[in-house]
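Novice: The UniProt record's numbering puts the first residue of the sequence shown at 1, with every later residue one more than the last.
It should be emphasised that the hints constitute simulated quantities derived from the structure, not laboratory data. In this text, a Cβ means the ideal position worked out from N, Cα and C, and glycines have one as well. Careful: at least some of the hints might be erroneous.
Pair ranges (Cβ atoms, derived) [said to hold, decoys possible]:
| id | residue 1 | residue 2 | range |
| --- | --- | --- | --- |
| 1 | Asn-75 | Ala-148 | 30 to 38 angstroms |
| 2 | Cys-94 | Asn-51 | 15 to 23 angstroms |
| 3 | Ser-150 | His-84 | 15 to 23 angstroms |
| 4 | Lys-42 | Ser-152 | 31 to 39 angstroms |
| 5 | Thr-68 | Val-140 | 31 to 39 angstroms |
| 6 | Asn-51 | Asp-89 | 15 to 23 angstroms |
| 7 | Ile-142 | Asp-96 | 32 to 40 angstroms |
| 8 | Gln-129 | Leu-34 | 19 to 27 angstroms |
| 9 | Asn-67 | Asp-89 | 33 to 41 angstroms |
| 10 | Thr-126 | His-74 | 14 to 22 angstroms |
| 11 | Asp-135 | Asn-66 | 23 to 31 angstroms |
| 12 | Ile-118 | Trp-40 | 33 to 41 angstroms |
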Amino acid sequence: MKCSDSRVSDKNFYKTFARTNPSDKLVVRSLLVLLKYYRWSKFSIISEGNNPYMSVAQSLEKQVSNNTNFTINHNGIKYFPNLHICCEDKKPCCKDIFSEVVEETYKSTRVYVFFGRIFDLIELMTKLQMRKLLDTREYVIIYIDLEAYSESASYRYFWRK
Numbered sequence: 001m002k003c004s005d006s007r008v009s010d011k012n013f014y015k016t017f018a019r020t021n022p023s024d025k026l027v028v029r030s031l032l033v034l035l036k037y038y039r040w041s042k043f044s045i046i047s048e049g050n051n052p053y054m055s056v057a058q059s060l061e062k063q064v065s066n067n068t069n070f071t072i073n074h075n076g077i078k079y080f081p082n083l084h085i086c087c088e089d090k091k092p093c094c095k096d097i098f099s100e101v102v103e104e105t106y107k108s109t110r111v112y113v114f115f116g117r118i119f120d121l122i123e124l125m126t127k128l129q130m131r132k133l134l135d136t137r138e139y140v141i142i143y144i145d146l147e148a149y150s151e152s153a154s155y156r157y158f159w160r161k
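Kindly generate the complete structure, drawing on both the sequences and the hints.
Specialist: Here you go:
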């Protein structure tokens with residue numbers, strides 16, 4: 001069990017537990033409110049296949065499966081490996097995964113929900129831009145940053161370093 005797990009919110013059992021980050025359930029609830037507000041009922045989920053990203057993506061998938069107002073494109077979550085580890089160790093998983101994802105999804109997806117590291121998000125955005133898909137303003141990427149916000153590191157949302 002991890003800190004973001006909603007089971008640790010049971011104050012009858014975990015009387016002294018204090019959470020510093022929101023639970024997966026709260027992250028998903030906030031995301032669904034955003035999607036509903038903008039009437040984005042159909043979307044694709046792209047997630048790194050490791051925790052904490054995978055568990056939040058799976059929580060979103062579970063919540064959407066119980067909600068007829070939303071549809072996940074492409075039969076569920078599109079997972080990608082931790083590319084830093086794959087490429088550093090020269091493993092077969094070190095490949096251009098985001099070009100494949102964009103190719104498979106761009107015709108039927110306008111809204112992407114992305115769970116992963118900021119560097120992987122930049123790679124996905126680069127692949128979308130290479131196809132000139134972001135020029136049309138018909139696509140949106142919702143990025144859920146699971147790290148605590150730091151003003152001193154806020155540049156990472158805008159510049160590649």
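Novice: Against each hint, give a clear statement of whether it holds in the structure.
Specialist: Hints, one by one, checked against the model:
no.	hint	in the structure
1	Asn-75 to Ala-148: 30 to 38 angstroms	holds (33 angstroms)
2	Cys-94 to Asn-51: 15 to 23 angstroms	holds (21 angstroms)
3	Ser-150 to His-84: 15 to 23 angstroms	holds (20 angstroms)
4	Lys-42 to Ser-152: 31 to 39 angstroms	holds (37 angstroms)
5	Thr-68 to Val-140: 31 to 39 angstroms	violated (22 angstroms)
6	Asn-51 to Asp-89: 15 to 23 angstroms	holds (19 angstroms)
7	Ile-142 to Asp-96: 32 to 40 angstroms	violated (23 angstroms)
8	Gln-129 to Leu-34: 19 to 27 angstroms	holds (23 angstroms)
9	Asn-67 to Asp-89: 33 to 41 angstroms	holds (39 angstroms)
10	Thr-126 to His-74: 14 to 22 angstroms	holds (21 angstroms)
11	Asp-135 to Asn-66: 23 to 31 angstroms	violated (36 angstroms)
12	Ile-118 to Trp-40: 33 to 41 angstroms	violated (22 angstroms)
Hints 5, 7, 11 and 12, counting from the list given before, are not met by this structure.
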